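Visitor: Chain by chain, the residues run as shown.
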Amino acid sequence: MGLTAAEKIIAEKSGKEVVHPGDIVQAKVDLVLINDVTAPLAIMKFRELGINRVWDERRIAIVLDHFTPNKDIKSAEQCKFAREFAREMNILHFFEGGSVGIEHCLLPEKGLVAPGDLVIGADSHTCTYGALGAFATGVGSTDAGMAMATGDIWLRVPETMKFIYTGNLQPWVTGKDLILHTIGDIGVNGALYRVMEFSGETIAQLSMAERMTMCNMAIEAGAKTGMMDVDEKTMEYVKKRVKKEFRVYRSDEDANYVDSREYNVEKIEPLVAFPHLPENVVPVSRAAKMNIAVDQVFIGSCTNGRIEDLRMAAEILEGRKVAERLRLIIIPCSPGVYRDALKEGLIEIFLDAGAVIGPPTCGPCLGGHMGVLAKGERAVSTTNRNFVGRMGYPESEVYLANPYVAAASAVMGRIASPEEVMR
Amino acid sequence: MKLKGRAWKYGDNVDTDVIIPARYLNTSDPKELSEHVLEDLDPDFRERMKKGDIIVAGENFGCGSSREHAPLAIKASGVSCVIAKSFARIFYRNAINIGLPILESREAVEFVKDGDILEIELEKGVIRNLSRGEEYRFASFPDFVMNILRAGGLVEYTRRRLRGEDI
Ligand code: SF4
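For the protein sequence lines, the chains are A and B, in the order given.
Using the numbering used here, the first residue of the first sequence is number 1, and each one after it goes up by one.
Using the numbering used here, the first residue of the second sequence is number 1001, and each one after it goes up by one.
If you are wondering where the hints come from, they were derived from the structure by calculation, not from laboratory data.
What you are looking at is a predicted structure, and each value in this text was computed from that prediction instead of being measured.
Even glycine gets a Cβ: it sits at the ideal position worked out from N, Cα and C.
One or more hints might be untrue.
[Unchecked claim] DEER-style ranges, computed between Cβ atoms:
id, chain 1, residue 1, chain 2, residue 2, range
1, A, R247, B, E1165, 33 to 39 Å
2, B, S1140, A, P283, 22 to 28 Å
3, A, F81, B, M1001, 32 to 38 Å
4, A, R47, B, E1032, 17 to 23 Å
5, B, M1001, A, G50, 24 to 30 Å
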């Protein structure tokens, strides 16, 4: 019986010939990630060990991206705590101020994740890096704190589910819609403990950004991670960035999958996930007819804040204005993306349309700052979670969508299809 | 490791919000947290449970946020172990890491009734229902997960590893 890419990576990292789903192994990690929210507890746990050196100061990334630029005294203290630790331990990959971007955009962009890597992060969306052929998963702070000391982690080998996408994408349909469709199909627990392996001819057509969007939301179906095959596009992306040597692992033809699903994407139109679960998906044509007025549109986050996403938004917003009484907030996910957006003239398009441009930060995605919702307010957002209170007041509403739909809704002042604007 | 206690039975999707409501998250003190464990699900639990008792639940126990406070509150209350059909992923990790044994056994969940007295042998993978004279199995933990549990959690386990002690 063959093995999946995930099984091969875990076997390699745990020094075993083969591993099987259900096995629990101790595996070496290539990178440990912590952020301003999870670093303090992870560092405290690390300190409990009574040692004064981390396992490898070049393989820990500390990214102060959630409540930064420091939004209040508490977050300033948390960042200070993490910063002092980073200095003391000589952490090489420490990002803040003008160097910071949202962790799951920044690390791939900086070449810190390579195919075949095993990455753990004290953040649930660490699964994003599966788009590069890495095995990457979110863990608790204790896990991260201990891995900073030992360079390894215990893992239960997950089962793998296969998702095959065929056909050509319809206009305005993106990777975001494919993953929303999938979560709508299997539900928010549909892939519990498992790896979601995304494959098929449609995936090959997607940009790296869209692939990252899909893997990013694997956790929204309960999965341990999402993964994709490494193809020419992946190699082109990583070769420009990754400095170290790496090995590519591919799933065998006869690998063991617990479940396999096939989707013909020609039947999929842009989707909107209604409050309060990512599985509540409605086709945009139907949502657009419901006359759902919107107070705020947010385009950004580790899900859809990359340059490709901003280009989509600009395509809709060029020469148009944001609807009256609606706030459009656009946040490039990293300094690099910000710079590209400037060079390409996207920022000007956004400013002309009446958007607010924020500095790279998680900000509104988790109701942190820079666009928190008031009671009863409604937002269309390109992020990944629309749980109760996710972006602000418990009685506010979040509708998840792709950047085209978000931008179109900003122009129309209600949930709208890109077609209505671009006719 | 042998565990023994009364079974407290609950349903599917017991989430971290009912295990320890967010309103108590302004502390990380396990004792304080434990005073509110399962408060919104079963207000009697905290008052009537005894040290060593066992929670038995359905699918997806511990779903919701990744807060480590949830398994901490359960452990500090004196619960010796949780048995469920399945656990949410990060809860599973967090529980083992803080030294709270959690077992997956569909069989046990199906046959155990609220109030039954259970005895568990972690190494052997056996749950004995002393009230009914039945026995159920669960996949026993690999050695090093057993070692984490025996050490009382991942921090102590790692400390011993780093010191090169036998574990
Ligand atoms: S952008 Fe949102 S989902 Fe992504 S890491 Fe930040 S808070 Fe989490």
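Visitor: Against this structure, judge whether each hint is valid.
Guide: Results of checking the hints against the structure:
Here the CB-CB span from R247 (chain A) to E1165 (chain B) is close to 34 Å, well matched to the stated 33 to 39 Å. In this structure the hint that S1140 (chain B) and P283 (chain A) lie 22 to 28 Å apart at CB is violated, the actual value being about 48 Å. For F81 (chain A) paired with M1001 (chain B), a C-beta distance near 36 Å keeps the hint of 32 to 38 Å intact. For R47 (chain A) paired with E1032 (chain B), a C-beta distance near 22 Å keeps the hint of 17 to 23 Å intact.
Distance hint check: the CB atoms of M1001 (chain B) and G50 (chain A) are about 26 Å apart, consistent with the given range 24 to 30 Å.
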